[in-house]
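A.B. asks: For this one, chain A is given, so just place chain B on it according to the hints.
Sequence order for the protein chains is A and B. Quick note: the first sequence, position 18, residue 18 per my numbering, numbers continuous. Quick note: the second sequence, position 261, residue 350 per my numbering, numbers continuous.
Hints are computed from structural coordinates only; laboratory data are not their basis. Each hint should be verified, as a subset may be incorrect.
Lysine-lysine pairs mimicking DSS-like chemistry, simulated, CA-CA at most 30 Å apart [as the list claims (entries may be wrong)]:
{"no.": "1", "chain 1": "A", "residue 1": "Lys86", "chain 2": "B", "residue 2": "Lys468"}
{"no.": "2", "chain 1": "B", "residue 1": "Lys161", "chain 2": "A", "residue 2": "Lys86"}
{"no.": "3", "chain 1": "A", "residue 1": "Lys11", "chain 2": "B", "residue 2": "Lys307"}
{"no.": "4", "chain 1": "B", "residue 1": "Lys307", "chain 2": "B", "residue 2": "Lys468"}
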Amino acid sequence: METNDQALESKYHSKLTGDTALVVGMLALLVCVEGFIIYRILSETWEIASGFFYLYVIFIGLIVLIETIGCLKVRESIKTHMFEFKYYD
Amino acid sequence: MSEHESAGLVKTLRPFHVWALGVGIVLVGEYMGWNFTVAKGGVLGSLLAMLVAGTMYVIISLCASELGSATKLAGGPYDWARLFIGPGAAASVGLAVYMEYIALEAADAIVVASISQSIFPGLQVYPVTLLVIALLTFINYRGVVAALTLNFVLTMIAFIAILAFFFSTAFGIGDIHPEYLLQGALPNGMIGLFAALQFGPWFYLGIEGAAMCAEECKHPSRAVPLGQQAGMITLLIGAAMTLYLCAVLIPADLLGVSVYPLFEAAQNSGIFIFVALLGLGTFLTCVASANGCVCDSSRSWFALSRDNYVSSWFSAVHPKYNTPYRAVIFTMPVAIGFAFSGYLDQVITFSIVSGLLCYVLIPFSLIRFRKLFPETTSKVRPFVGPLQPYIAYFAIAIAITILSTLFWGYKYNLIFAFVFYGIAYFYFSHRHKKSNIENNWAEMGWPLPKGSGNRRIKKEATSIGDE
Numbered sequence: 001m002e003t004n005d006q007a008l009e010s011k012y013h014s015k016l017t018g019d020t021a022l023v024v025g026m027l028a029l030l031v032c033v034e035g036f037i038i039y040r041i042l043s044e045t046w047e048i049a050s051g052f053f054y055l056y057v058i059f060i061g062l063i064v065l066i067e068t069i070g071c072l073k074v075r076e077s078i079k080t081h082m083f084e085f086k087y088y089d
Numbered sequence: 090m091s092e093h094e095s096a097g098l099v100k101t102l103r104p105f106h107v108w109a110l111g112v113g114i115v116l117v118g119e120y121m122g123w124n125f126t127v128a129k130g131g132v133l134g135s136l137l138a139m140l141v142a143g144t145m146y147v148i149i150s151l152c153a154s155e156l157g158s159a160t161k162l163a164g165g166p167y168d169w170a171r172l173f174i175g176p177g178a179a180a181s182v183g184l185a186v187y188m189e190y191i192a193l194e195a196a197d198a199i200v201v202a203s204i205s206q207s208i209f210p211g212l213q214v215y216p217v218t219l220l221v222i223a224l225l226t227f228i229n230y231r232g233v234v235a236a237l238t239l240n241f242v243l244t245m246i247a248f249i250a251i252l253a254f255f256f257s258t259a260f261g262i263g264d265i266h267p268e269y270l271l272q273g274a275l276p277n278g279m280i281g282l283f284a285a286l287q288f289g290p291w292f293y294l295g296i297e298g299a300a301m302c303a304e305e306c307k308h309p310s311r312a313v314p315l316g317q318q319a320g321m322i323t324l325l326i327g328a329a330m331t332l333y334l335c336a337v338l339i340p341a342d343l344l345g346v347s348v349y350p351l352f353e354a355a356q357n358s359g360i361f362i363f364v365a366l367l368g369l370g371t372f373l374t375c376v377a378s379a380n381g382c383v384c385d386s387s388r389s390w391f392a393l394s395r396d397n398y399v400s401s402w403f404s405a406v407h408p409k410y411n412t413p414y415r416a417v418i419f420t421m422p423v424a425i426g427f428a429f430s431g432y433l434d435q436v437i438t439f440s441i442v443s444g445l446l447c448y449v450l451i452p453f454s455l456i457r458f459r460k461l462f463p464e465t466t467s468k469v470r471p472f473v474g475p476l477q478p479y480i481a482y483f484a485i486a487i488a489i490t491i492l493s494t495l496f497w498g499y500k501y502n503l504i505f506a507f508v509f510y511g512i513a514y515f516y517f518s519h520r521h522k523k524s525n526i527e528n529n530w531a532e533m534g535w536p537l538p539k540g541s542g543n544r545r546i547k548k549e550a551t552s553i554g555d556e
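Bound conformation, chain A alone:
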């Protein structure tokens, strides 16, 4: 749903960009922190963890993948309904 009011549309798109930036920033921090920690712990304990390190790779992959797709869906939902439900008034 779109509106004819240019100022309102511009305000809504700028607010949507704010929401997107927040989530993208947090996702980037998540990937960096989890990657750093898993690397540090597994590299220090490699002689024990080498036999089952794939478990960590699978689960961190699942977390990042599902959360990223979930956040994309949240953005898509906000973009679709922002004018209809007047999210930023």
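C.D. replies: Quick look at chain B alone, frame taken from chain A:
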């Protein structure tokens, strides 16, 4: 219906309130409690438990976002089970949520009192516990916005304390001991990896409660998914930072039995500012958690009362503050009862089992929701979660696996919980079958669920036959 009962809950909350409610309840689990994973499975067991539980909670929070933004009701998991599964499951989940949060509130209040006593030795634990519970009840009685704004401030300070400590340590300020990682990697062998899973939920326990303020949100279809996902990412970041900091600053055998692991890690770093920050963070996060628990447990009781599962007297809304004030006040005697029972460890374990029961029934509610209402319209499903229903089945499998690990050490708690919720299930199923109450979909602005037309025709045909 009285004048009080006709008033509705005020709709003013924004995404940051949802974040504050979810993270505020849970962050305490990163300041304490999670470290029992280290006692069971060492650093590697704890890391796996954090990731496995994290995967389950990411899925649960996506399910909660979709269900919360669709139903926009205060009962959260209770209302989802009521609408999409049935009265027995609804009553079990409603009671499970109530028990989960009220037990946590009691535990948090005792910790706040114990920390206060360690700072001011003249104080007594029980009177301070009473004071904390009474004060938080009063704040929640006065209004949800004030309560959750307070939670936002407290939680933000506690989270910034973890961030500052982590980045300073990662950039080389203070001495760390990477050798502790190998020394305490896997003390109990491969079985420890599996056993550690039972305490994995501590990192995130209660995040699903963020969706319970949906009825009080200004725009629930934006606030619930955005606040809930931001909260989930915050907890994943906080959990990873906490595990790393504690593992490189405290030897694993001491970490496994530590009461305040993050605070102890700060003490071991030897930097005063972090000792002060993490000490303050431990205190504030307990207050924030107890505050969020009052909010969520009262909403669950309010929702149970509104549908006559418990006395409808509790469903009154305050005419001035628009809060479910009787349900809020009722949290006080129950929390005090738990706090003074003397069986706090049992109460906390019961809280975890109650939470895990919810983690089986929340994804199941979503699967049923998708089957009953396959259409995606802005009225029925404004937020559509990804990869469903496959990830919902996966979350159920993880929750059952974690429940099964509780047989190590908590067999009787598990059996007691199953008996308690089993009785609730059959009692309320039977009671509601007799009262023959059906969901009013039209009142929610929804179409009839798939297959209900056939059921109605069959029912009408049977009644004609009877005549």
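A.B. asks: With reference to the structure, classify each hint as holding or not holding.
C.D. replies: Each hint, compared with the structure:
1. A:Lys86 x B:Lys468: Roughly 14 Å separates the two Cα atoms, so the pair holds.
2. B:Lys161 x A:Lys86: holds (17 Å)
3. A:Lys11 x B:Lys307: Holds - the C-alpha atoms of B:Lys307 and A:Lys11 are around 19 Å apart, at most 30 Å.
4. B:Lys307 x B:Lys468: holds (16 Å)
Comparing the model with each earlier hint shows no violations; every hint is respected.
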